[in-house]
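There are 4 protein chains.
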Amino acid sequence: MPEQVPPHDRVTNSDARTRWRRVIFDHDTAAGNAFDVTLIIAILGSVGVMMLDSVSGFSPTTYHVLYGLEWFFTLLFTVEYVARLWCAADRLRYARSFYGIVDLVATLPTYVSLLFPGGRFLALVRILRVLRVFRIFKLTTYVSEASVLASALRASRYKIIVFLFTVLTSVTVVGSIMYLVEGPESGFTSIPTSMYWAIVSLTTVGYGDIVPVTSAGRMLASLLMIMGYGVIAVPTGIVTLELQRAARIPRMVTCPSCGRDGHDQDANFCKECGARLPVKGVL
Amino acid sequence: MPEQVPPHDRVTNSDARTRWRRVIFDHDTAAGNAFDVTLIIAILGSVGVMMLDSVSGFSPTTYHVLYGLEWFFTLLFTVEYVARLWCAADRLRYARSFYGIVDLVATLPTYVSLLFPGGRFLALVRILRVLRVFRIFKLTTYVSEASVLASALRASRYKIIVFLFTVLTSVTVVGSIMYLVEGPESGFTSIPTSMYWAIVSLTTVGYGDIVPVTSAGRMLASLLMIMGYGVIAVPTGIVTLELQRAARIPRMVTCPSCGRDGHDQDANFCKECGARLPVKGVL
Amino acid sequence: MPEQVPPHDRVTNSDARTRWRRVIFDHDTAAGNAFDVTLIIAILGSVGVMMLDSVSGFSPTTYHVLYGLEWFFTLLFTVEYVARLWCAADRLRYARSFYGIVDLVATLPTYVSLLFPGGRFLALVRILRVLRVFRIFKLTTYVSEASVLASALRASRYKIIVFLFTVLTSVTVVGSIMYLVEGPESGFTSIPTSMYWAIVSLTTVGYGDIVPVTSAGRMLASLLMIMGYGVIAVPTGIVTLELQRAARIPRMVTCPSCGRDGHDQDANFCKECGARLPVKGVL
Amino acid sequence: MPEQVPPHDRVTNSDARTRWRRVIFDHDTAAGNAFDVTLIIAILGSVGVMMLDSVSGFSPTTYHVLYGLEWFFTLLFTVEYVARLWCAADRLRYARSFYGIVDLVATLPTYVSLLFPGGRFLALVRILRVLRVFRIFKLTTYVSEASVLASALRASRYKIIVFLFTVLTSVTVVGSIMYLVEGPESGFTSIPTSMYWAIVSLTTVGYGDIVPVTSAGRMLASLLMIMGYGVIAVPTGIVTLELQRAARIPRMVTCPSCGRDGHDQDANFCKECGARLPVKGVL
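Protein chains in written order, with my numbering: chain A, 1 to 283; chain B, 1001 to 1283; chain C, 2001 to 2283; chain D, 3001 to 3283.
Read the hints as simulated data drawn from the structure, not as lab findings.
Among the clues, some could well be false.
Said to hold, decoys possible - Chain C residues, not near chain D, derived (Cβ > 10 Å throughout):
1) Ile2127
2) Ile2191
3) Tyr2229
Claimed, not checked - A short list of chain D residues far from chain A (calculated; beta carbon distances all over 10 Å):
4) Arg3017
5) Arg3022
6) Gly3045
7) Pro3060
8) Cys3087
9) Leu3104
10) Leu3124
11) Leu3180
12) Ser3201
13) Tyr3207
14) Arg3218
15) Val3234
As the list claims (entries may be wrong) - Partial pick of chain D residues on the chain A-facing surface, computed with a CB cut under 8 Å:
16) Ala3016
17) Thr3018
18) Gly3100
19) Leu3122
20) Thr3169
21) Val3173
22) Ser3186
23) Gly3187
24) Ser3190
25) Thr3204
26) Thr3240
Glycine included, each C-beta is placed from N, C-alpha and C at the ideal position.
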């Protein structure tokens, strides 16, 4: 909360805010980089604690240690959230941004567990802590490799939607026919269950919890599987094509030495003067 | 049914037909687009009702509601079919076209269920309602992304046939040998069953309902699986190649602003004047 | 067997041989094409008979019919083999060629079953009939699409061998460690069994007959599966690359109209004069 | 151990070392090639002995023969290790190199089994013998095909790391939600177990030991599987792209006949004078 402070204090405060903002929000300084690495370790640690906490069979001492670590990480993330809010250039915008909400939602569940001890509702709330893992994505957006992949996927989104639509239509039709052909005695108890089986088969996962047992059912299943075998080629072809295109698009990086831009996506050195090109981010 | 009408009425009728034809059959007007979207929602809704109807365990009231919705969608599709027949430019051609037959067959089952209440035959007829889902395809044919995929698949059809033939030959040979090696006691009860197992394994689905248990059988299965692992690459390579070719073929679209054609498959804007290129259809 | 015949008979005989050779061995005449199609139908029919024969549960009459059909096809293939031998340009060379041996071996089993009725040895001999299916391959070698695929696979054979070697090494190492980690009580009864499990997992088949149950085993299995996920990309990349190269190599076809050669692999028409290019074979 | 030897003996010794070094460490002479082939056979043989040794059910005589073969290979590898150490140009560097350690660790376990007969610890030590298989890799590094694949994978390592990170994040989030949705009664006993299930499903392995049974769980699983279906395209696209790039990079080989370099990766003959280009190594 900004208060009434004497002018020179305000300046100092503002300077501290700017300095901290560079550490917390930026990624191109040594301090910012160290902050990012610490944050990633803390996020991975807290997600690890959550995972171990769900495993039964440890000694009571272990659960006490995990409980302690959980509060340690929660307090750490609370401090981090308050610090981000304090030094953000536009506080309201940060608080309402996707990552602002994730940052808040990832710290609240531990506090909520004090108010509502136990029960199914609590489990629902506590699982929200897994959202912390999304916070690492924020850092990956600065990695140029990630942006090449993301832009390739974005460019192929219409083709992928058309492809997924075709897959879902096939699954609906095959699932309905299998429901009729196999019937409830083989585990095809309803059309949605048959569609679940069709998805499990078409994607070549094949759990084996529901399998066709009649000759007609097995022939239809064979057709579906061979079709899936050929069809799996389509998204691969699409993504390969888009990656090739993306690789040809010049990178939006300017050489820090000679000012030349228009470098290839995978260039590590300036093609004009040979200086190393900057790679932003931590990964 | 067209009757004897006074001349000026006939003209009005003809005008109404043309107007409705543009709404029902075309996709490039606001009204046509709204009609398409409504139709898609109705199709998805009716398929959803059919799915839920096959699930057991709901309350009797739910089944009553589903029954009512089923008749609602059937009457809607009946009205639509009559409207299409009425305003089609060539009625006989529409009635005999693939989509004309699908449109008819998708509405009949509910009426048939009144004539033949219950029994296996009825189940067969009612499952035909799932054909409604194919009607969405009619709309996707206007999406240029779909046509790129379709033309890539069409161009690679001979290669895919040769590939499928190779796969089926391998499956026949491996299935026959496995029938001999493993025998009925491991579940390989006949050559067709062994071929079914070979398809399940080669496509990497792997249900696990039939598995080799002898050393010789497991070695043969390992060979088949590793072969399948390498062979899965072939359709992917084919489709990638054809997609690359298709992407190089200029798009059959003329700029609405300057009349320039020969645009790239993925062009959104005219390369001559920068005007937005038309995208037909709804998806 | 060629006998002593009067000179003019010998000429007639030789003419008949040449005529029949064109029908039986060549694929570019109407008669040769008809012969090929008949042969394919007979091969598929006889393989179908063999498959149905292995299925238990039909009526005795059905097995009698299948037995009759088996002899019908066997006599047909015997006639065909004798005819091929008679009209081959170089008889010894045909008899010793791969397809000559397949043609012979595919007809013998039915005769052998008269000499040794019943027993495991007979089953082994009878399964040789499935080799008939390989005879269809002989015809596909004339299809240019097949030759593109085959040459792409041939060009990438060293890369695929290196890749398979890497896969087998990983399977050996992971299989040995899993044998130690999981032990016999989880089904990992020996190193070869563990390697079988590793192949089933790496190729993403995943039967589920042997699965890790310990935490350490599941972590190792997860690593293997994610590695397999990334590694499956390698053969695909290789084949795509070779198909692209193969598509760029000009096709060894000469235009029947203007004599121009050097056409693209997928060209249907001469690029000089527009005449249809010949497609050899039946598929 | 080098001792005090008269001058002319030292020269001979040094000459012998150089000569043996060329045989043992180099791959471009007939003797070196023969040594490599012998070594590969010995490695494969000793790994085969280890595998068979883990299988139960053979006669005691078989285990005696396997025990004898194990000591034969161990002594052979001991002689080889000492020989390598003796003739290495820099002995300490070889002893501390990756392959030096592998060479040593691969021979020790059999000796250790004399000191500690039986027990779990021994099993751990003996499994180290499988490391012998890595020694074959040393030879493959001289095969140019392997180096193309390796450099393509190396070039795409950042993209693959970003991809794997995305996969692991998805697995964590989906695993946590499935733990909540399905619960312990369906086999989702903890978050790590749920994540194991998510990896098994996303990689399309699908053992079927843990499967969702609730409607909500099956819908989430379907989403995950279809996502995995689309996502499997990404590493394939990356590797294809990098292989294409690698194929365009000229090969670092000089024609032995005319001295021309800059040949294509897959060139077998010099493009200047047509002489065969050298292929190093044995595979």
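Exercise for the section: Find the hints from earlier in the document that the structure breaks and name them by number, from lowest to highest. Expected result: Checked against the structure, the hints that fail are numbers 2, 3, 11, 12, 13, 14, 15, 16, 17, 18, 19, 22 and 23, while the rest are satisfied.
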